[in-house]
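Line order of the protein sequences matches chains A and B.
In terms of this note's numbering, the first sequence has 543 at position 543, counting the first letter as 1, and numbering is strictly consecutive.
Going from the second sequence to this note's numbering is simple: count from 1 and add 1000.
Just to be clear, a hint being listed does not mean it is correct.
Unchecked claim - In silico SDA-like pairs for lysine to any residue, Cα to Cα no more than 20 Å straight-line:
no.: 1; chain 1: A; residue 1: K245; chain 2: A; residue 2: G290
no.: 2; chain 1: A; residue 1: K299; chain 2: B; residue 2: R1070
no.: 3; chain 1: A; residue 1: K380; chain 2: A; residue 2: S425
no.: 4; chain 1: A; residue 1: K380; chain 2: A; residue 2: E364
no.: 5; chain 1: B; residue 1: K1028; chain 2: A; residue 2: D263
no.: 6; chain 1: A; residue 1: K245; chain 2: B; residue 2: D1010
no.: 7; chain 1: A; residue 1: K112; chain 2: A; residue 2: Q140
no.: 8; chain 1: A; residue 1: K245; chain 2: A; residue 2: L288
no.: 9; chain 1: B; residue 1: K1028; chain 2: A; residue 2: E262
no.: 10; chain 1: A; residue 1: K245; chain 2: B; residue 2: G1009
no.: 11; chain 1: A; residue 1: K380; chain 2: A; residue 2: V437
no.: 12; chain 1: A; residue 1: K299; chain 2: B; residue 2: D1010
no.: 13; chain 1: A; residue 1: K299; chain 2: B; residue 2: L1069
no.: 14; chain 1: A; residue 1: K299; chain 2: B; residue 2: G1009
Said to hold, decoys possible - Chain B side only, calculated, beta carbon under 8 Å to chain A, not exhaustive:
no.: 15; residue: D1010
no.: 16; residue: P1011
no.: 17; residue: D1012
no.: 18; residue: R1013
no.: 19; residue: L1014
no.: 20; residue: Y1015
no.: 21; residue: G1019
no.: 22; residue: G1020
no.: 23; residue: S1022
no.: 24; residue: P1043
no.: 25; residue: G1044
no.: 26; residue: S1047
no.: 27; residue: A1067
no.: 28; residue: T1074
Everything labelled a hint here was simulated from the structure, so no lab data went into it.
Keep in mind that this is a model prediction, so the values were computed, not measured.
The beta carbon of each residue, even a glycine, is placed where N, CA and C say it ideally should be.
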Amino acid sequence: MSVPVAPKPRRIRTPRPLPAAVPLVSVAAAGAAGGAAIAAAPAPARGWIAATVLVGWVWLAVTVAATALNSRRLHKAVTATGGELRSLQTHTAQTAAGSAHLVNVTLPTVLKRVRDGESAESAPSAPPAPPDPHPRGAAQPATADVGGAGGGTAAAEAAAANVAQRLARSAEELDRLTGVVLPAAIERLRGGASAGTALAELEQPADPRLRAALESIVREFAFSERRAAAAQGASAKVLSRVQAKAVSMLAELREMQDRHGEDVFGDLLTLDHNTSQLGLLTDRLALLMGGRASRAWNKPIVMESILRGAVGRIAAYQRVRLHSSSTASVAGYAAEGVMHLLAELMDNAANFSPPIDEVHVYVEERTAGLVVTIEDSGLKMADAALRRAEEAVAGRFHDLAHLQSTRLGLVVVGLLAAKYNMSVSFRPSSRGGTGVVVLFPPQLLHQSRTLAPEQPAHREAEPAPRPPVRPLPQQDVRRDTRPGAHGAQRSERPGGPRVATPGGLPVRPPGRTMAAADRGRSGPEEVPADRPAPPARDAGAQFGAFHRARKARDDRDRYDTGQ
Amino acid sequence: MTRRPVDLGDPDRLYTVTGGRSRADDEKFDLVTLVVSECRPSPGMQSEHVRILELCERPIAVVEISAELRLPVTVVRILLGDLLSTGRITARHPRAGRSLVDLPDSSLLEEVLLGLRNL
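Bound conformation, chain B alone (with noise of 0.2 Å):
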């Protein structure tokens, strides 16, 4: 019998990990939206979403996650809907559109920047 190589990958199949999901319910997120944790991890729970909460303690994209995680995006989009659907995160799109018309306009600037000197 031949010697097979030793496996190096992980046992988890992926329909383990989102419990036979194969399509995330709601399309909150896309690739580049921005994704923050609310809580710590609590025991028990799925390691990937320890790790995703872990990640989000710094918005991070979920492209992002999904790199690190080294998990298609599908499934973690799955898992952040999980999450979302638990409020252990929120998710917010990046304003990267908005610029100047987004922006407080001038006078509140100065008002904020008197207050500043006046401290």
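Bound conformation, chain A alone (with noise of 0.2 Å):
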């Protein structure tokens, strides 16, 4: 701190007074000369001559004694001026340096203190109080104001700290309401909670104001959820009472296609189709609403049906090619969802190709399961389009909030495809367009624990796949290598009653030659001769082939031709 600095008192000339001897001799002189003058003067003139001489000299003698008086007087008066400004400058020099003491030194040490806490009153005694009362008079009201400065500051610095204490305190329910509670009561609400049980159970935020928002927001979102549960509800029930419409019609349909001749076929047929069309949509929608699949299958459905069943339901079916010789089937409860997935992806691919163009679908049997490929030869998908189709067919958007319009096909494909495991990938196709392959798990091929081995062997076997017919021998063999189904398949054996009586004696079914009966018998003797010792079996195994068996011989009552 820069301290103005008292000006160095200057020196005062004092005038020296006139030495006293000065008027005298000069009224010495002045009376020499007048008298000089006097004696020089003619005699008749003197008395005149004298009298003006010593008039003057008299004038000039009080002249002379006045001045010199005043002269004194003035002299002292000067002293005594030049001795009180001396006083005077001693007096501002001090102030000065009591000024700079104060602001030097009293009233940073008073800050000091009133700042580390002392009272404004307690802090002026502590310092060295400047020297001159003035500045010390001066100081005092300055420390108070300080004083009573810091204590206002002091003050608002606790309030500070309060309203932070609280604002944090705020800050921490908030986030705990947003970051806690609120996902709880969405969680609970979403678990079908009443939004007052789900209240009950949440810890109430201690500010009303938050309790009030937390309520508002619980029982709005109860009341979204409600309406939501209702109105799928609601469209679920409709819908499978339209789904059974629809399929009560098909069952209809097909009786009348039976029934009625020629004339009316292709009607009916255009009546079929597009009521298969009509169950696409409302399944479609009823598994987007949660509800099921208009049909269930209680047996294995081939695949050549699958693939029929899925292209029927399509509004292009006749663009799409099948190519399949695969003889698996998709077990029952799958079939139905395996068929719908299937139409929506062949609906796609005929919808997003050029309506000459054909669709090719191909079935390769693998040993990780079933693999259809769907190949369009449409535009190839943007990059953007085919992220999207990813993300829809990968079952992640349960939420009917994320559907669009016009792409539910592809959701409802991604439900199905998580529901039963199978995995829907999109590739650019060689022809141009796009292809979708969808992979089905071992677990929805009918036996596809016992079958999915022998599939190879069976196609190198059997070049020409004739499905129900020719195979069946063939796998017999087979599956006599396999545990338990040895004896179960000899004492089941279909071929032996139907066309050899026990004796050996060839037995003609009807509707068949004789040749042919006796070809058929030559199988079933030969077959034993190689056939491995039964090895162990177990009660499942055995039952499994039990009914493989019973199986055998049901189709061979239905498709028996000969060997």
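Both chains come to you apart, so use the hints to assemble them.
And the structure:
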């Protein structure tokens, strides 16, 4: 802090008084000169001149005396004034020093102490007081003011700390509300709890405003949830009736197709096709709404029927070419879902390819399961569209809120794929369009546990797969190598009693020539020679063998044409 | 939600079996036309074609095929038309109406008998 330095007191020159001899000498000189003048003067004029000189001398002497007197008085006055000035200068210097002390030492000390928390009253006593009473007097109110200000600052700081604490508490409460309480509330509400239950179970925030906000949010959300659930339930219910109606219409149409002749057959087929498309639409909505598919099959459905059942549900079914020589069957519980999934994908492929181009569907059997590829030759999907489609079929978008009105099909595909553990992936097609690859896990395939390893061998042994009839005896032979199959197969051997008596005589079934019956008879007789010894078996395998044998016999009853 | 009865039918619709056709191209097949397969089924064929070829290993009437396949006659005729156009089956009408006039004359039969005896 710069302190103005007190100006150095100027030296005051005191005028010296004239020495007292000077007027006296001048008066004496004047007297001498007057005497000389009187002496020199002619006698007649001597008296007049003497009088004049005397008068002049007296005047001079009086004037000189008065001047000396004045001078002396003035000198005294000047001396007194100079002393006073000096004392004033000294005083000014002292005041300046006191001020400097006040500014430099006292006030900072006072401020420091006040800041350190001492009271305003005790503060000024501590620092060395300025020596001068005036600065001290000036310092007192200043320290008091500073002390007051310091006290105000402390109060303000305390208030600010209080406010900050409250703010932090509020923020923490708000964080807790948004981070913990609301998610918990939403989870409970989604789980079906009512607003009251959810609120009662939740930890309520202390702030009444937050409490009110939480309650209104929870009530509003519960209402929305209830409305959504009600809408969904009502839709599913109504749709299930529409589905049932469509299914019964299909059954009636099928019956009419049998009953009526060629003249109305085409019309019936058209109606059938339209009803099937209607079934696809209602099934799609019903699945989205959490309902079920319209049909449920209690038997495995062969792949050809699966594909045809799927392709029959789309408008452009004549543009779809099916390439399948697979004899695999899809388990009954999954057949409808699989058909719907394939129908949606075929519909997608047909809709996004030129109306003159064909959509090709290929079926391959792999060890990982069954692969169905649907390829169109339309435009390549853009990357974004491909990504959207992948996301849709990934089954992540379970929420109806993500639905777009025109993209329902792929969402249903995602739902079904997730339900049956199928994988659906898109890739650019070698034909120029988009290919969809659907992989069915082996669990979906009927009797996949026993049939899957046999498929390649079966294909090699039988280059012409003729599904129901030809493979059966061969499958029987192979099955016989499995645990438990042997005895059941022999006892239930369908061919034996059908084509030959126990004694070995040929039996001709109705509708068959004797030669054909004889040919059929040779088969089962040759087979036992190749059979290995029956291994140990358990009850499950025994039952499975029994079931297979029964099925084989049933199939033979239906399709038997002789070997 | 009421449980629906389990479906017992087939998922195939008839228009998918016929590929959308509702009428046979030719009028070659009537209910009693006899059909015989000329070859064995090949892989990748439609299952109905396969079954027809298997049924027709011996001559069989169209109506019988229809009954065996449980398909309307119209559909069977369309399918048979497919097979006929690719030469996998042959069809002929039963010759029920021919009797004495169509039989070979007795002199020919006698010659055959003589030849057989001379074997």
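Checked hints:
1. A:K245 with A:G290: Judged against 20 Å, a Cα distance of about 19 Å means the pair holds.
2. A:K299 with B:R1070: Holds - the C-alpha atoms of R1070 (chain B) and K299 (chain A) are around 18 Å apart, at most 20 Å.
3. A:K380 with A:S425: 15 Å, holds
4. A:K380 with A:E364: Not satisfied, since the Cα-Cα distance of roughly 24 Å exceeds 20 Å.
5. B:K1028 with A:D263: Within the cut-off at roughly 17 Å; holds.
6. A:K245 with B:D1010: 17 Å, holds
7. A:K112 with A:Q140: Between K112 (chain A) and Q140 (chain A) the Cα gap is close to 15 Å, so the pair holds against 20 Å.
8. A:K245 with A:L288: 19 Å, holds
9. B:K1028 with A:E262: 15 Å, holds
10. A:K245 with B:G1009: Roughly 16 Å separates the two Cα atoms, so the pair holds.
11. A:K380 with A:V437: 15 Å, holds
12. A:K299 with B:D1010: With Cα atoms ~10 Å apart, K299 (chain A) and D1010 (chain B) stay inside 20 Å; holds.
13. A:K299 with B:L1069: OK: K299 (chain A) and L1069 (chain B) at ~18 Å, within 20 Å.
14. A:K299 with B:G1009: Given pair K299 (chain A), G1009 (chain B) holds - Cα atoms ~10 Å apart, limit 20 Å.
15. D1010: 6 Å, holds
16. P1011: This interface hint holds because 3 Å falls under the 8 Å limit.
17. D1012: 5 Å, holds
18. R1013: Because about 4 Å separates R1013 (chain B) from the closest Cβ in chain A, which is inside the 8 Å limit, the hint holds.
19. L1014: This interface hint holds because 6 Å falls under the 8 Å limit.
20. Y1015: Since the shortest Cβ distance to chain A is 4 Å, the answer is holds.
21. G1019: Hint on G1019 (chain B): holds, closest Cβ of chain A at ~7 Å, below 8 Å.
22. G1020: Hint on G1020 (chain B): holds, closest Cβ of chain A at ~5 Å, below 8 Å.
23. S1022: 3 Å, holds
24. P1043: Where the cut-off is 8 Å and the nearest Cβ of chain A is about 5 Å from P1043 (chain B), the hint holds.
25. G1044: 5 Å, holds
26. S1047: 5 Å, holds
27. A1067: This interface hint is violated because 11 Å lies over the 8 Å limit.
28. T1074: 5 Å, holds
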